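**Q** Sequence:
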Amino acid sequence: MVRIRRGLGAIYKRSFSSDHEFMKHFQILFFAAAVCAVGVLISGCESTEDDNIAKAQKCLDGLGPNPSSTDAQNCVQNILSDNSPNAEVVRCAADFIEGGITDTSLINAYNSVKNLSGPSVAQQLIPDLAIQYPTGTYDTAFAQSLYNDCVASETSSLVYIAGLAQTGTIMAAAAGSPSSAATYCSNPSNTSSCNPTAVGTIAQTVSSSYCTGSNQTSSVCTTLNNAIAQGNGNPTSIGTYLLQNL
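For the sequence shown, numbering that gives the first Met the number 0 gives the first residue as 0, with consecutive numbering after it.
These aren't lab readings, by the way, just hints derived from the structure by calculation.
The structure presented is a predicted model; accordingly, all values stated were derived computationally and were not measured.
Treat the hints with care, as some may be off.
For each label pair, taking beta carbons as the anchor points, the in silico distance ranges come out as [claimed, not checked]:
| hint | residue 1 | residue 2 | range |
| --- | --- | --- | --- |
| 1 | Asn65 | Ala228 | 27 to 35 Å |
| 2 | Ala140 | Asn82 | 16 to 24 Å |
| 3 | Ser207 | Gln243 | 44 to 52 Å |
| 4 | Asp50 | Ala228 | 42 to 50 Å |
Even for Gly, the Cβ is constructed at its ideal location relative to N, Cα and C.
Model the full assembly from the supplied sequences, consistent with the hints where possible.
**A** And the structure:
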């Protein structure tokens, strides 16, 4: 199974005992990655590509609880040229590990929103998922690469989490910290420095990929879809509305 950290067992327990949408999304995210990777393993490794994906997945499974910033990427070196959805799922998981997404950070993000509802969920959750590793700063270039890999995985829950992480990273990089990101970017004088075009484009992608069916009524999806409606399909207008109303 593709794992982000060994300690995720604690998060799974929380997700099964909590009906909060945030933990549901993470449960779906990692379950989807696991199913895809296991599907590769049980296929009998019928091709060199499948064998390389299986080896990369096994390498990620074998990482310790505190891998270095290069450990995860070392695991996926042999599948960097493989653009299949299965390979992208494993690369997306590796990116999350390299980006410092840990059991502790997920639990902290959960705790920060578990008593919130409506737009307040997105306001708190999106900055909380900002990626600060591997450079030690809020790395928008790395977050974009992670987002691209997760979108290419064609796994809606991975697109959802990566989209929120990329948006949060853009906001935190502009504001200087996640804690002030929503306030900073909502100020009309600052909104343009928070890359509203990119934020709007991400919102459209996340909405079309994830915010369908029963997910449409979740707090974050409602916030994204409202911004899309207000922006009349224009990414910059969508991003501007979203940033100024978080």
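**Q** All the hints need checking, so say for each whether the structure fits it.
**A** A quick look at each hint next to the structure:
Between Asn65 and Ala228, the C-beta spacing of about 43 Å breaks the proposed range 27 to 35 Å. Judged by the Cβ atoms, the range 16 to 24 Å given for Ala140 and Asn82 holds: they are separated by roughly 20 Å. Distance hint check for Ser207 and Gln243: the Cβ-Cβ separation is about 22 Å, which falls outside the suggested range of 44 to 52 Å. Roughly 46 Å separates the CB atoms of Asp50 and Ala228, a value that falls within the hinted 42 to 50 Å.
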